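Asker: Residue-level listing of the chains:
There are 2 protein chains.
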Amino acid sequence: MSVLHFPSRLLEASVNEFSKLPGIGKKTALRLVLHLLRQDKTDVFQFSDTIRLMREDVKYCRECNNISDSEICDICTNVHRDHRIVCVVESVKDVMVIENTQQYSGVYHVLGGVISPMDGIGPGDLFIDSLEKKIENDQIDEIIFALPTTMEGDTTNFYLYKKFEKKPVKITTIARGVSIGDELEFIDEVTLGRSLINRQLFESTL
Amino acid sequence: MSVLHFPSRLLEASVNEFSKLPGIGKKTALRLVLHLLRQDKTDVFQFSDTIRLMREDVKYCRECNNISDSEICDICTNVHRDHRIVCVVESVKDVMVIENTQQYSGVYHVLGGVISPMDGIGPGDLFIDSLEKKIENDQIDEIIFALPTTMEGDTTNFYLYKKFEKKPVKITTIARGVSIGDELEFIDEVTLGRSLINRQLFESTL
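Chains as they are written, first to last, in our numbering: chain A, 46 to 251; chain B, 46 to 251.
Accuracy of the hints is not assured; some may be wrong.
Cβ-Cβ distance ranges computed for the label pairs, FRET-style [claimed, not checked]: (1) 91(B) with 128(A): 38 to 44 Å; (2) 228(A) with 167(B): 51 to 57 Å; (3) 167(B) with 219(A): 57 to 63 Å; (4) 54(A) with 195(B): 28 to 34 Å; (5) 117(A) with 65(B): 56 to 62 Å; (6) 54(A) with 183(B): 32 to 38 Å; (7) 98(B) with 107(A): 50 to 56 Å.
Heads up, incomplete: computed chain B residues facing chain A, CB under 7 Å, no partners named [as the list claims (entries may be wrong)]: (8) 50; (9) 59; (10) 87; (11) 90; (12) 107; (13) 111; (14) 141; (15) 236.
Source of the hints: derived by calculation from the structure; they are not laboratory data.
Treat the numbers as computed from the prediction; the structure is a model and nothing was measured.
All C-beta atoms in this analysis are idealised placements derived from N, C-alpha and C, irrespective of residue type, glycine included.
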């Protein structure tokens, strides 16, 4: 379908809105919109109102920049978590993924991006101040970098490392290596090389 | 991600709404919602309002049941189209697809489904009355069946054929055959068999 002939401007406008979403083309957008047209009005209004309300009311935690329903997020207000260990991640999604492992009991710090000169994103565009303040107030023992293994992620790691290396805080990064279940022959050379360099005693990997 | 830990109920509600859409799983829904959170409020409100307005205001043409912004759709009000030839289709999408070929100058009749006893859809659930009325008032010379080649489509064809065969109207169906560009070895036997039976003089296929 090269150019679609829409029978209605209302339909066309909705298809255009849906196709602005990432990964949604015109054909998929049309399928979604025609689906919504077949649903009850109340269901469609609920869809519409939920999205609107979320964008209107969602907050970002003052402490860690995670998405939250209140000024301080549930993780930062949780007294059972270790507030002296902070995991630095790029986005809210990364917090959800790490929470899902149920292996981490520290808190987070969501940068809201990584340094990317190509996209005009510098350190000033990221949420770093509150992390710096916590470190300077000696509230943190360790920060763990869990940023993407891209050039931008590495640049950001390096920037933060240089910024904090003189401070009394331990700086670590999550282990990189061969994923569990992966066949060696399909691993890229850099990962395999690093996983050899960073080999661990056999006991500790159990 | 088996069970997602959402940092916000507003976020979770939006992800749930998106994942009700066909073909959208929880992971895709989360990606779409996080994308919307990064957009300007006005853009997200426009998305939300456009969907709401469409569901609220969209109309179905009184004549042909196509989606429309007014009581009678643009195709049915177009005096340059041949109103004595009616193409019977299952859905609005089929109208758009046929319009896109730019090979048809008649009008349409959107049934809004096909007869499917398994899904509890009988002739009474389809938009047939206005077609019958037009035929009885001798307003139509030809109806063209362009329904899906499924058991349900065939059942509906047969039902409509039986209903109208005694009326003074020519009943045709769109040609079925080997698609242009298709290799014969990959065509199913029924299609290939029918395309042999319904072979045409060579000139007419140019």
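Asker: Determine for every hint whether it applies to the structure shown.
Answerer: Going down the list of hints, with the structure as the test:
1. A beta carbon spacing of about 40 Å between residue 91(B) and residue 128(A) agrees with the range 38 to 44 Å that was offered as a hint.
2. Hint check: residue 228(A) to residue 167(B), Cβ distance near 55 Å, so the stated range 51 to 57 Å holds.
3. The hint said 57 to 63 Å for the Cβ distance between residue 167(B) and residue 219(A), and at roughly 60 Å that hint holds.
4. Roughly 32 Å separates the CB atoms of residue 54(A) and residue 195(B), a value that falls within the hinted 28 to 34 Å.
5. For residue 117(A) and residue 65(B), the Cβ-Cβ distance of about 31 Å falls outside the hinted range of 56 to 62 Å, so the restraint is violated.
6. Taken as a hint, the range 32 to 38 Å holds for the pair residue 54(A) and residue 183(B), whose Cβ atoms sit roughly 34 Å apart.
7. For residue 98(B) paired with residue 107(A), a C-beta distance near 36 Å fails the hint of 50 to 56 Å.
8. Using the Cβ-Cβ criterion of 7 Å, the hint placing residue 50(B) at the interface with chain A is satisfied: the shortest such distance is roughly 4 Å.
9. A hinted interface residue such as residue 59(B) counts as satisfied when its beta carbon comes closer than 7 Å to some beta carbon of chain A; here the least separation is about 4 Å, so the hint holds.
10. At its closest, the beta carbon of residue 87(B) sits 10 Å from a beta carbon of chain A; the interface hint therefore is violated under the 7 Å criterion.
11. Interface hint at residue 90(B): satisfied, since its Cβ lies 6 Å from the closest Cβ of chain A, which is below the 7 Å cut-off.
12. Restraint check, residue 107(B) versus chain A: the minimum CB separation of about 14 Å is more than 7 Å; hint violated.
13. Restraint check, residue 111(B) versus chain A: the minimum CB separation of about 5 Å is within 7 Å; hint holds.
14. Given the 7 Å rule on beta carbons, the hint for residue 141(B) holds: about 6 Å separates it from the nearest Cβ of chain A.
15. Against a cut-off of 7 Å between C-beta atoms, the interface hint on residue 236(B) is violated, since the closest Cβ of chain A lies about 22 Å away.
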